[in-house]
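Following the hints, put chain B in place on chain A, whose structure we already have.
There are 2 protein chains.
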Amino acid sequence: MHSSIGKSKWELDTPALCVDLSTLEHNLKKIHTELRETNVGVRPHVKTHKSPAIAKLQIAAGAVGVCAGKLTESEVMLENGVNDVLMTGVNITATKIRRAMELRKKFTGFIQAVDNVKNAHDLQDAAKAAGIIADVVVDIDVIKRSGVLPGSPALALAQLVDKLPNLKFRGILAYDGIVQHHMGYAERKKTALRNFEPIVESYELMKRAGLNMEIFSGAGTGTYNMMGQIPGFTDVQAGSYLFMDAQYMEIGGVHNEKVMDDFTPSLTVMTTIINNNHPNRLITDSGTKAVSIDTPNAIVIGEPDFKYIANSDEYGIITFNESSRTYKVGDPLEVIVPHCDPVVNLYDVIYGIRNEKVETVFEVLGRGKSQ
Amino acid sequence: MHSSIGKSKWELDTPALCVDLSTLEHNLKKIHTELRETNVGVRPHVKTHKSPAIAKLQIAAGAVGVCAGKLTESEVMLENGVNDVLMTGVNITATKIRRAMELRKKFTGFIQAVDNVKNAHDLQDAAKAAGIIADVVVDIDVIKRSGVLPGSPALALAQLVDKLPNLKFRGILAYDGIVQHHMGYAERKKTALRNFEPIVESYELMKRAGLNMEIFSGAGTGTYNMMGQIPGFTDVQAGSYLFMDAQYMEIGGVHNEKVMDDFTPSLTVMTTIINNNHPNRLITDSGTKAVSIDTPNAIVIGEPDFKYIANSDEYGIITFNESSRTYKVGDPLEVIVPHCDPVVNLYDVIYGIRNEKVETVFEVLGRGKSQ
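Going down the list, the protein sequences come from chains A and B.
Count the first sequence with numbering that gives the first Met the number 0 and you get residues 0 to 370, in order.
Count the second sequence with numbering that gives the first Met the number 0 and you get residues 0 to 370, in order.
Derived by calculation from the structure, the hints in this document are not laboratory data.
Don't take every hint at face value.
For chains that are exact copies, the list does not tell them apart, and a pair is met inside one copy or across any two.
[Said to hold, decoys possible] Each computed DSS-like pair below joins lysine-lysine, with the alpha-carbon atoms no more than 25 Å apart:
#	residue 1	residue 2
1	LYS327	LYS143
2	LYS104	LYS306
3	LYS105	LYS162
4	LYS306	LYS188
5	LYS306	LYS28
6	LYS257	LYS206
7	LYS327	LYS117
8	LYS55	LYS306
9	LYS143	LYS306
10	LYS356	LYS327
11	LYS105	LYS29
Please read all numbers here as calculations on a predicted model, not as lab measurements.
Extracted from the complex, chain A is given alone in its bound form:
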């Protein structure tokens, strides 16, 4: 792996996943700058990069900790020096509950979510058996996906967790996944704030009941800068802000209705042209195996008219009317991917690039951690 240090990104064997380090550093700072005037912190979701080394950069830049979707992802982070991990998903089965308690026993910075009464009792029993007090947040339902229903069911669950002797109630989370990709800033903000009304009511109920509301976590890259208006809200779970991708670019931002330019795309796939037999058509070595999906299309840097389709396992298919130059077989291209999270999940390493050269190699230790 070290053999690639110092190499030009244009000479990497392809497909290769790269992150531009200066751009990454810009994005790492930018989210905190944008939120400076608010009381809102950042608890980045690691499913975006799946790399403990990158999580540590986020924490060094001011993040209050990180989020992880799954137990195995949480394990990878904690076991590799990331001290504060909030697991946004629930642990339901006996196997997962036992492992979650082992993890909490080893790492005091592990917090897990609960969204139903039976599960709270199961966690209590396991925490007691493990001889620990486990930290728990209550996940509240926004989009009929995960979470306890808002209002009195949420309050009752929070009070139960607070009362159970081997659980410690730390607050709430609520994730509005669908609204993250709503097109247009103003429309997105209206929907996001409306969707959060029942969550805010639940928060107020809990606060009035005297519960510990130290964590009120939610939101993502699409709504990170809207949450200052939510009373008691503590931190956004943004992930994609770090890398950006074609999906997030097209939603528009507060500064630019057409393209979300709060953050700058830093993640790219280096690919090679392997066939140019047909006019206005180029074939690359990067299909579904390398860029995951093809909507919206991957963006070829420097070639605004190129349309990149990646719906074949092995091949990327580019069609165009206009091209800045003639391409021959063997030429490299650099593309911004449609959706960063699943693409990262296809690779074992991300090359950290500065001034077009490999400066470091990030291991994607959370790759495939879906359990």
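Below, chain B alone, put in the same frame as chain A:
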């Protein structure tokens, strides 16, 4: 890993990728039975399973060798005891060509594809430098993706390869990727045979020129039983026949216009229900990270009315009007995936199940091998 042997599939930590061994064995035999009356052999594409152990089962069942899409995939197969690998993609860059020659030097059963004149000369130079004679097939263009143009360009390239002293011309391949998923057997057959006409002409030109036509490879699970009509055709590159998936089931087969039932679905994902708060709606722990994509929908075994959407990283969302029973949080479900290849690429192991118990564990050593 061995700790899971003997466990019930219903007790595996989820998401878990499973293959039913009896069904796998049925499919392994079935393709040869279906092709018994023809001169067509089987050279299965390993991108479907990415497991050397499963490739060996295919060869034991009568396959003439296997296909691999990429160089790294070919390396994994050859280095793990799969002796005959035809790499269907081209090696263009200096790095890949050097590695391909090293591979050929170690393993005499490695054959690679070429689709342009410059590349043939590059391969010749590298083979000479490595002190070997490298086995090469010419890939011919069917769907404007990979391959040299059919007719005289294909003939000229084949003659060049045949003439170059460090290359050995072994024949041709042509893969009609798009037609594999055409709906309806009769329509698909018409299109497949029409698309192959220029390839057959190229074959005839080469044969008349006295070239060695020992390999004429192509086709997949959608067209495997149509190629007996193609003169000189030697082997089908079917992969999905082993596992099947929702995409291939819906195309219809020769025996059943509605569902392709030549082969039986053997690959499933075990998942757990984690939320049932809303009527006619269940949430599972298997989203994009576990089942890859959601079209056509994953099929929940035993629940024909369930519609499974997997467009969220962490969660599967099931909606339904009718259900065979009531489901509670923690209950497992078993689903047939939309498209087997990219799903396998998400996992490190496939559990081999017999009579609902884990009998063996296949390592997905080709996972992530996109270079």
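Right, here's what the structure says about each hint:
1. In the homo-oligomer, the alpha carbons of LYS327 and LYS143 lie at most 25 Å apart only across protomers (16 Å), although the nearest pairing inside one protomer, at 50 Å, exceeds that limit.
2. In this homomeric assembly, LYS104 and LYS306 never come within 25 Å of each other (Cα to Cα): the closest approach is 51 Å inside a single copy and 39 Å across copies.
3. Taking identical chains as interchangeable, the C-alpha atoms of LYS105 and LYS162 lie at most 25 Å apart only when both belong to the same chain, with a minimum of 24 Å there against 66 Å between chains.
4. For the homomeric pair LYS306 and LYS188, neither the shortest alpha-carbon distance inside one copy (31 Å) nor that between copies (30 Å) is at most 25 Å.
5. Taking the closest pair of Cα atoms, LYS306 and LYS28 never come within 25 Å of each other, the shortest separation being 32 Å inside a single copy and 42 Å across copies.
6. In this assembly of identical chains, LYS257 and LYS206 lie within 25 Å of each other by CA distance neither inside one copy nor across copies; the values are 39 Å within and 58 Å between.
7. When the C-alpha separation of LYS327 and LYS117 is checked against a cutoff of 25 Å, the pair qualifies only between copies, where the shortest distance is 11 Å, while the shortest distance within a copy is 62 Å.
8. Neither within a single protomer nor between protomers do LYS55 and LYS306 lie at most 25 Å apart by alpha-carbon distance, with minima of 36 Å and 40 Å respectively.
9. In this homomeric assembly, LYS143 and LYS306 come within 25 Å of each other (Cα to Cα) only across copies, at 15 Å, whereas the closest approach inside a single copy is 35 Å.
10. Within a single copy, LYS356 and LYS327 get their C-alpha atoms as close as 23 Å, which meets the 25 Å cut-off; across copies the closest is 53 Å, which misses it.
11. Taking CA atoms no more than 25 Å apart as the test, LYS105 paired with LYS29 passes in neither setting, with 33 Å inside one copy and 51 Å between copies.
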